[in-house]
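Undergrad: Here is how the chains run, residue by residue.
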Amino acid sequence: MRMNLGLLLAGLGVFCLTAPIAAHHGFDTEYDSNKTITGTGVVSKVEWTNPHMHVYIDVTDASGKVTTYNLELTSPNAIQRLGWNKNDLLAGEKVTFAGHAGRVVESRGALDSLVKVSAPKQEIFKGQRPAEVGSN
Amino acid sequence: MKRMLAISGTVLGLMLALVVQPQAQGGRGGGQAAGQGAGRGQGAAPGAGQGAGRGAVVVGQLAGKPVVQPAQRGASYRDSISPTDPAMNGPVPRLADGHPDLSGPWEGGGSDQDMEIDGGMAKGELDALLLPWAKTLKAERSKAIYGEPYIYCLPMSVPRVNPYPWTFVNGYTSKGLERIYVLHETGDAGAHRVVYMDGRKHPVDPLPTWWGHSTGRWEGDTLVIDTTGYNDKFWFDSVGTPHTEKLHTIERWTRISYGTLVLDFTIDDPGTFTKPVELRFVARITKPGVDLMEYICAENNQIGLAGGYLSKDNASQIGIAGGPPQTPEKK
Numbered sequence: 001m002r003m004n005l006g007l008l009l010a011g012l013g014v015f016c017l018t019a020p021i022a023a024h025h026g027f028d029t030e031y032d033s034n035k036t037i038t039g040t041g042v043v044s045k046v047e048w049t050n051p052h053m054h055v056y057i058d059v060t061d062a063s064g065k066v067t068t069y070n071l072e073l074t075s076p077n078a079i080q081r082l083g084w085n086k087n088d089l090l091a092g093e094k095v096t097f098a099g100h101a102g103r104v105v106e107s108r109g110a111l112d113s114l115v116k117v118s119a120p121k122q123e124i125f126k127g128q129r130p131a132e133v134g135s136n
Numbered sequence: 001m002k003r004m005l006a007i008s009g010t011v012l013g014l015m016l017a018l019v020v021q022p023q024a025q026g027g028r029g030g031g032q033a034a035g036q037g038a039g040r041g042q043g044a045a046p047g048a049g050q051g052a053g054r055g056a057v058v059v060g061q062l063a064g065k066p067v068v069q070p071a072q073r074g075a076s077y078r079d080s081i082s083p084t085d086p087a088m089n090g091p092v093p094r095l096a097d098g099h100p101d102l103s104g105p106w107e108g109g110g111s112d113q114d115m116e117i118d119g120g121m122a123k124g125e126l127d128a129l130l131l132p133w134a135k136t137l138k139a140e141r142s143k144a145i146y147g148e149p150y151i152y153c154l155p156m157s158v159p160r161v162n163p164y165p166w167t168f169v170n171g172y173t174s175k176g177l178e179r180i181y182v183l184h185e186t187g188d189a190g191a192h193r194v195v196y197m198d199g200r201k202h203p204v205d206p207l208p209t210w211w212g213h214s215t216g217r218w219e220g221d222t223l224v225i226d227t228t229g230y231n232d233k234f235w236f237d238s239v240g241t242p243h244t245e246k247l248h249t250i251e252r253w254t255r256i257s258y259g260t261l262v263l264d265f266t267i268d269d270p271g272t273f274t275k276p277v278e279l280r281f282v283a284r285i286t287k288p289g290v291d292l293m294e295y296i297c298a299e300n301n302q303i304g305l306a307g308g309y310l311s312k313d314n315a316s317q318i319g320i321a322g323g324p325p326q327t328p329e330k331k
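Which chain is which? The protein sequence lines are A and B, in order. Numbering of the first sequence is given in my numbering, commencing with residue 1 and proceeding in unit increments. Numbering of the second sequence is given in my numbering, commencing with residue 1 and proceeding in unit increments.
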C-alpha cells in the first residue's frame, strides 16, 4: 500500500511538472496547487451532480478521528464521456486518493487521482482535469 | 506589395511560432507580432496571434489568410477530433437549401478565460481600449472573481464558451429557416438563445436580457448574427472584462472545412471601449457520436466553499437564489 501511495505521489509530481494548472477562474482561488492531500479511507458518497462531481471519503487517523474529505472533479458528463459510469465507484469501497487542498477548507480538495485498495493499479475517473474545477 | 510582405511576415512568424511551440505565457509575444501584421480591419485575421500557443496549428484559410486553431486551453477540445486528423480538412457539409451546415456540435469558438488572449489580441491590447471606468471595474473584478454571475449558474452569454459541446439548431418551418437556436451543454442556464432569420428588425428600446436580441442573415457562406439589447450583468470572460447596455455585437461564423468553424467577433460598445474590438475564435468539430447532455448547473454548486469565500450557510442560499452573494463573507 505504501508503495502504491508513493507511485501516486510520483505521478502527481510528474503531472504538476508537465501540466501546470491553468489560472481558470475558480481553481487557484479555491485550491492550492502547492498543497497536496493524500489519504486512504472509505467512500461515503459519490455525487454525480452538476456543475461538478464530488466524491466524499472518510479517513480515520491513528487516534480514531474521522475526517471526511470532499473531493471535486469535473462534470459528470465529462466523466461519462471518458467511459466511467455510476457503478464504477460506490459508497463503502476503500480507496486511496491524492489531490490539492482547499485554500481555506483543507478537507475540501480537487481530486487528482483515486484508486480502489482492491485494484491499486486501476485509476478511477482518470482523465478529469483540475484546471476545470471551479468553472461551470 | 507592402501588404504582401506583411502577410508573408505573419505567415513566417506563425510557422516559427509553431515550430518553437513556446509555453502559453511566453507565446504571447509571437501573438503580438502576428496580430500586428494581420491588421484589424473588417475581415482581417485578428486571431492570427493565436498561432503562438503550444500545440496550435494552421487549419485552413479564410479571406486569403491563415486560420490558426488555438492551443488547447483547459479541456476545451477534449471531445473534438484532433486538429491534425485529415478529416479536419474534409469538405463543408451543406444543408438541403445549399447553405453550410453549421450544426456541429462544436467545442471552442469563444473564450473560457481571457478573451483578449483567447481572441487573438496581444496582452494589454484590449485593456488599452477600455474607458477609465471600465478599466477600474475590471481591476476590481480581477480581485473578486467570485462576483461573476456565471459561476453561480447564470448565463455566460457572448463570447463565452466552456469545456463542453454546443450546437446551432436550424429551426425550419414551412417558410424555410426562420430561426436558429444556439444551445450549449451548459451556460444557457435554462435560456435558449434565438437568432431570428426571418428578416425582422431589432425591437426599439427593448428590456435588456442576458443574450440580447439576435437577427441573422447569410452573407455567402457566412452566417452573420447581429445582436443588441444585452443587459450589463454578464462578464465577457473570467477576468471580468465589462460592458454596458449599449453593447452591439456582430458575429461572423464561417465553416472553412469539415472540422473548423471560425468566429470573427466584433464588439461595438461605445460605453466601454474607445473603438470597436475585433476578436477571432476558432471552434473544432466534435468526434462522431458526441451529443449535448443534460447539465443542470444549479443542482449542486459548491463554488467558493473550499476557498473560504462562502460558508455553508450562505452557500446554501445560492442554490435557491441563483446569484452571487452581495456581501462576501471572506476575501
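Treat the hints with care, since some could be wrong.
What the hints assert, rightly or not - Straight-line distance between alpha carbons at most 30 angstroms, and here's what the computed BS3-like set of lysine-lysine pairs gives:
1) A:K86 with B:K123
2) A:K126 with A:K35
3) A:K116 with A:K65
4) B:K287 with A:K126
5) B:K233 with A:K35
6) B:K287 with A:K121
7) B:K201 with B:K123
8) B:K287 with B:K138
Derived by calculation from the structure, the hints in this document are not laboratory data.
Undergrad: Flag every earlier hint the structure violates by its number, smallest first.
TA: 1, 5, 7 and 8
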